[in-house]
Structure formats: structure tokens, C-alpha cells
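Visitor: For the protein sequence lines, the chains are B and Y, in the order given.
For the first sequence, counting from 1, position 66 maps to 347 in the numbering used here; every step adds exactly one.
For the second sequence, counting from 1, position 18 maps to 25 in the numbering used here; every step adds exactly one.
Each hint should be verified, as a subset may be incorrect.
[What the hints assert, rightly or not] Per the computed footprint, the stretches of chain Y lying under chain B, defined by three or more beta-carbons under 8 Å from a beta-carbon of chain B, are:
id, segment
1, 16 to 23
2, 62 to 74
[Stated by the list, open to error] Restraint-style ranges between C-beta atoms, simulated for each label pair:
id, chain 1, residue 1, chain 2, residue 2, range
3, B, Arg422, Y, Val44, 54 to 60 Å
4, B, Arg436, Y, Val94, 24 to 30 Å
5, Y, Met9, B, Thr350, 36 to 42 Å
These are calculated hints, taken from the structure and not from any lab test.
Remember, predicted model here, so these are calculated numbers, not experimental data.
We put the beta carbon where it would ideally sit given N, CA and C, even for glycine.
Given next are the chains, with one letter for each unit.
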Amino acid sequence: MAELHGESPLVTRAETLAGSSVPGVLHLSEVAFTAQVTLRVDPKSPAAERIGTAVGTMLPNQPGQVARTERLQILWMGPDEWLLIGPEGGAEQLQATLTEALGEEHGSVVDVSGHRTIVEVTGPKSRELLAKGCALDLHRRSFASDQCAQTLLARTGVVLLCRDVEQPSFWIFVRSSFARYLADWLADAAAEYRV
Amino acid sequence: MMLIPCPWCGPRNETEFHYGGQADVSYPADPQAVSDVDWARFLFFRANTKGIFTERWNHQAGCRRWFTVRRDTTTNEIFHDDSHEAVTR
Ligand SMILES: [Zn+2]
Numbered sequence: 282m283a284e285l286h287g288e289s290p291l292v293t294r295a296e297t298l299a300g301s302s303v304p305g306v307l308h309l310s311e312v313a314f315t316a317q318v319t320l321r322v323d324p325k326s327p328a329a330e331r332i333g334t335a336v337g338t339m340l341p342n343q344p345g346q347v348a349r350t351e352r353l354q355i356l357w358m359g360p361d362e363w364l365l366i367g368p369e370g371g372a373e374q375l376q377a378t379l380t381e382a383l384g385e386e387h388g389s390v391v392d393v394s395g396h397r398t399i400v401e402v403t404g405p406k407s408r409e410l411l412a413k414g415c416a417l418d419l420h421r422r423s424f425a426s427d428q429c430a431q432t433l434l435a436r437t438g439v440v441l442l443c444r445d446v447e448q449p450s451f452w453i454f455v456r457s458s459f460a461r462y463l464a465d466w467l468a469d470a471a472a473e474y475r476v
Numbered sequence: 008m009m010l011i012p013c014p015w016c017g018p019r020n021e022t023e024f025h026y027g028g029q030a031d032v033s034y035p036a037d038p039q040a041v042s043d044v045d046w047a048r049f050l051f052f053r054a055n056t057k058g059i060f061t062e063r064w065n066h067q068a069g070c071r072r073w074f075t076v077r078r079d080t081t082t083n084e085i086f087h088d089d090s091h092e093a094v095t096r
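With the rest of the complex left out, here is chain Y:
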């Protein structure tokens, strides 16, 4: 069981959260101009990092807010050195 630090509620059990995958996947500026291949890449292709990964979580059973976490995917260590603004973006 991981303890995930919600930027508002503090550390809570993993079971209260919903995983949102890779963070900072930006929506294409002009979706009409994107080729089918690039659109598919945007929709379905995500990094599968071994090591430190920046990812989105939603505190589903708590305050229901999205936030960003940096986690080591091999050890589940979560890094707390980010600013509040960086986490709650």
C-alpha cells in the first residue's frame, strides 16, 4: 500500500486515489491539423518509464482534486520537493 500525498488532504491510502497516467500530455494546439498517426500517438501513447515518472492522480474518495506527483516506478518512492503550484497544476 502506498501513501500518496494529496496536496490538500495530506497523505492518504492509495485506495482513495484514481491513477491518471503520465502528466503534462498537452492537447494539440490545432487538432484539425494533426495527422491520424499523430492523433493516435496523442491519444494512446504514453511513456512507460522505469524510474522517476511525473504522473497525475485524482483524490477520488477525498477532495476529488487532480494533482501531480513524481514517483519512482521501481521503488514507489514519492518526491516531496515540488512546490504547491507545481503539484496542484
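Only chain B is shown next, with the shape it has when bound in the complex:
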């Protein structure tokens, strides 16, 4: 029997991203196969509170706010919607935890790990690179650590996550089918930094 193996959406762009990285200036790479679960629940319900207890932090209630635990990043996606990011292989466990905490209440828990892959952009030029295709103000005073935003980057729908503002680090969540386009766009936008 053939052996099954998974290929990440950007496996064919690994070299492109690596080749566009400039030491000390910019680094691009794919963060593949993270566990991603979408949660929808009324934030004022007892279920939301139970979920907070189960995952170890309250669900962030401000637009663009991100909560962290040791294992998870919880991104605000809407007034009753969150995206939970965990380590590879953890989706099933996370889904089970959330489903149990949700109980019989109105809401939904969906494994969306295959929906988007992640491009990590780090280095002092990362903000400038993203700004070439993004209309949001990415300045550190308005887009700081542990903030996220859903927006358009190079006309592609993305979720931007600022992981660190001091040592600039961003995650770009992009739909799998748009990922290669975005990787190519990033490589093109980064060309000027190569000496």
C-alpha cells in the first residue's frame, strides 16, 4: 500500500521564500501544518466562560485582540468568532476540548487546519514589506504585539498577526489556494532588499 504523506501548500515555494530572505534584514518561511480551529459562540454565554476555563485564558473580546496560552494563540475574528492556533497534530484534541466545553449551547467548533497556511515574516524590513500591499496602518503604535487583523494583502484575503513588535515578526494566514500567489508576490516585493 502506498504510504500517505502530507504536503504543505507552499512546499513548492520553500526555495522562493528562503531565497528572498536577507540575513539580518528579512526572513520569509512557511509555518506549515499548525492546528487551526474556528470557534463561534456568544461571548456572554456560560459556554464562553467554560471554554475560557478549558483553554486557560478568556476569549479576547476586543477587535483584533489576541490571547495566548503556552500552547495556543486565540485570535479575535468577529464579535462571536475566534480562530485558535495550536501546534501540529493538536487539532483533534483542541476540537474535543472546545466541543465538550461548548456542551449543548448554541455555537460551533470546526477544524479549519487545511483552510489556511501561514507565512512567517521576520526582520526589521518586515513591516515595510507588508505595507507594500496592505492598506492598514502597520506602525507599531497601531498594530502591536498580539494584535491581529483580517484584511487584504496584495488583493488576497489574509489574517495578519503581529507576533512581536520589538523584533518584528508577523504571521500571514492565507488560504491554501492563494498561498503560492502570495509567496510569489512577497518574493517580488522583497527583491529590492537583496544586495
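With chain B's structure known, arrange chain Y with the ligand on it following the hints.
Guide: Showing chain Y with the ligand alone in chain B's frame:
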């Protein structure tokens, strides 16, 4: 380019939004009792206001929520004096 104020995400470029047309078009209470003419009016007829218009927008490339905006269709000025409840209905 218009900047449209999403009640959750704040002002964003028009390109992130989908237009939903006239706001407060209510579904007939008893659809069975509505005549064909009135049904067609409900489905297809909308005001085409010159001036201040109350309309629905969806933040499609953002939080994907529907909200209501009052906009002057001649100047594209958007009015911000509505309460959060009025906007997010
Ligand atoms: Zn929004």
C-alpha cells in the same frame, strides 16, 4: 476610494466591503398573503435616493459582519452619529 467605518474593525478601504443595498427592507409578515405585484416590489424595488441613504454593508474581507451605514450618495460622506446598536442591527 471611500473609507467605510466597520463598527468592529474601524475604518477600512471600500475594497474590503460588499454592498448590501437599502437597509430596513423588512420581509413580509405573511408571504403567502402577498400579491405577485407586492412580492415583486419587495424583491426588486429599492429606493435610489439622492442624498442621505441608509444602507447595508458587509465587511467581506474583514470580520464578515453586516452593518448599517448612513451615507450621502452625492458626496459619499458617512455619518458617524449613530449608536453602536443602530449600526450593528
Ligand atoms: Zn469588520
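Visitor: Evaluate each hint against the coordinates.
Guide: Each hint tested on the structure:
1. 16 to 23: With 6 residues in contact (Cβ-Cβ under 8 Å with chain B), the coverage given for the segment 16 to 23 of chain Y holds.
2. 62 to 74: Check passed, 5 qualifying residues.
3. B:Arg422 <-> Y:Val44: 54 to 60 Å: holds (57 Å)
4. B:Arg436 <-> Y:Val94: 24 to 30 Å: Given about 27 Å between the Cβ atoms, the range holds.
5. Y:Met9 <-> B:Thr350: 36 to 42 Å: holds (39 Å)
In this structure, every one of the numbered hints holds.
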